[in-house]
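> Listed below, chain by chain, are the residues.
Number of protein chains: 2
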Amino acid sequence: MSSKVKGDLLIAQGGGPTAVINCSLYGLVRQAQESESVGKILGARKGITGVLNEDLVDLRKQPKAIIEGLRNSPGAALGSCRYKVAEDDYPKIMDFIKRHRIRYFFYNGGNDSMDTANKVNLLAEREGYELYVIGIPKTIDNDLPFTDHTPGYGSAARYVAQSVRDLGMDIRALPTPVSIFEAMGRNTGWLAAASSLAKTDKDSAPHHIYMPERAFEMEKFLADIESEVGRLGWAVVVVSEGIRTADGKPVYEASGVTQADQFGHTLPGGAASFLAGEVYRELKLRARSEKPGICGRASILCVSVVDQAEAEMVGRAAVDAVIKGESGKMVTLERKCGGKYKCTTGLVPLVDVANAENKMPDEFIDDDSAFVTAAFCEYAKPLLGGDLLEYVHL
Amino acid sequence: MSSKVKGDLLIAQGGGPTAVINCSLYGLVRQAQESESVGKILGARKGITGVLNEDLVDLRKQPKAIIEGLRNSPGAALGSCRYKVAEDDYPKIMDFIKRHRIRYFFYNGGNDSMDTANKVNLLAEREGYELYVIGIPKTIDNDLPFTDHTPGYGSAARYVAQSVRDLGMDIRALPTPVSIFEAMGRNTGWLAAASSLAKTDKDSAPHHIYMPERAFEMEKFLADIESEVGRLGWAVVVVSEGIRTADGKPVYEASGVTQADQFGHTLPGGAASFLAGEVYRELKLRARSEKPGICGRASILCVSVVDQAEAEMVGRAAVDAVIKGESGKMVTLERKCGGKYKCTTGLVPLVDVANAENKMPDEFIDDDSAFVTAAFCEYAKPLLGGDLLEYVHL
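The listed protein sequences correspond, in order, to chains A and B.
Per the numbering used here, residue 1 is the first one in the first sequence, and the count goes up by one each step.
Per the numbering used here, residue 1 is the first one in the second sequence, and the count goes up by one each step.
In short, the hints are calculated from the structure, not lab data.
The hints are all genuine.
Chain copies aren't distinguished; within one or between two, either way the pair holds.
20 Å max Cα-Cα, derived EDC-like pairs, lysine to aspartate or glutamate:
1) Lys-64 <-> Glu-390
2) Lys-284 <-> Asp-261
3) Lys-84 <-> Asp-112
4) Lys-381 <-> Glu-363
5) Lys-98 <-> Glu-127
With the sequences and hints as input, model every part of the structure.
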């Protein structure tokens, strides 16, 4: 099957923004503008809710400077949502698509967005409506399967690594001996793990990394810190916001008010602050916590040039895919084996990726040292798009 | 009085590091190297405790690349301290100075460091020992009096402003409607106030700023947020870590374990996290908090080029001052009136500056809107060293 007739295009952005999600939008718009198969280029505001509420923006009518500026603007330019699409929303979505004669539909997001895209695709097939649906991956958490990594991860990883390197330079000069840095990542440790790339030698930060892939043990954590402060006089450790004890309870729930949404999803955050209090109480060591939170996924200063280029590439590849007649697929990044780092794009069925989660594999975690392995560093380093800032010591 | 004989020099760094404290060290070392009046160039490790423990580094023996690298390295390269010098430490310090025949003594720090430098100077005078003592200002808090601003403030201010602009781009796209950003500043609002420079129009972040110069009122705060979310659907507000209620109690003390040191100084931090919980509890609005903490004073990526140049300038001016025979003074920055922004250096007696504190003046705070005035923005903007990154909206 291949679309011969000129068709109109609709794109939506879902889930949490990344520093480069608008690079994917840029790539998609530019590729669509360059294609003779694409008519209107429409964006839905606030993710799929823009489709349900008919809130659209005509991207062909945007000035060139705005489209170019997308490449260096954080946030989600179309607006995003965390709306869980209900079963009876799908007929409304299809109705919208038919009325607006949309031929190409793209959802740029994480697992939930891929699930939505998959269901829209199946419904169109069932109703015999010619629609080409492609998912464009995006998440700082790097938790989508079947892709080497996700656009957005490299930049957020660079932010974490650079920030932890900076933090270490400050803490080693200070009499407040402990700092606990909280990285984002509700269920996976990919971002916390990226802090390992800050390390230049055995004394420099970070000294330990705690990821949700392993049960968090308070005693081990305190012993790790005590030992490091004994050795160096200071310690910088990194925790994922989503670390959990063996009973599955998130550490952040101990830290204050737990905020739940209508779906029972709690807002993570506060693990590092809680743990700093524990270090002070149990070890009598003054301990700070640093939690840049969302600033870490919105920093254009820390953007990875590799991530930026790949985010644009997946946006362009999505347009290429529908024009070739592909549908029900998500664009993936495929790393070339051997030699210099390089990724090309591929496609994977949406049904395989929807609602699945890519956790850190065992070979990337060094349990003995509460750190990552050399294999992880080799995997992650090229994604950061060049060396971090380097500093001197007297 | 002017020092004709070649003399040895000692420099120490005190208090919390800044992104440019090592630029002052660089300026001082370079100016000393270029002077025929200076013999040895010694650095005390870990502030004044390096003097008490005879822990020194010979800065003339450092490779040129290391000295050059100081300009772009965060933290305090010599190490710092928060050691409160006791009365009976002063004779030990004088003994050290005499034994090592130190002629020039520099302390690069905040209020406490200026107090120490002042006392060392008075003791030398009393004992008739020819010593030239100059304080070099440094603090991200901008709370030293008699100087237009302090080296270190501009870079930390730039970090806050850029981070809050980035954060606003992300939050406005999201269904989590509120974010509370915590800026450093135990007793003064200068850093929180700098977030105002992120604002590009009436809708963009930040919407309100809460500074320790004003008693924090929870009801007003909640009403401000409710009103902003009602107007826009989202709100980003900034709080100083040191905000206090009318009874003088820091808000951060409500947020968890309060860590006190041997002098009863508590470690601030946690106000934003506590307030996010209150917003959720009282207004039923999901609220995040972001607290980059120390990362904000260690970021070379966010350094202000103006701040960097001025930090070097005050280091050089300190050397010039002792060679001219000045002592018992702190270098100041003096802003040229009218025309393009420019600062030159001046000198102020250490006794005037020691233990004094420069709070934000009333004319910089707009109480009605919980924001800063245009006069503050005019004051602070040139210190950030150029425009922030600019972003587009669809």
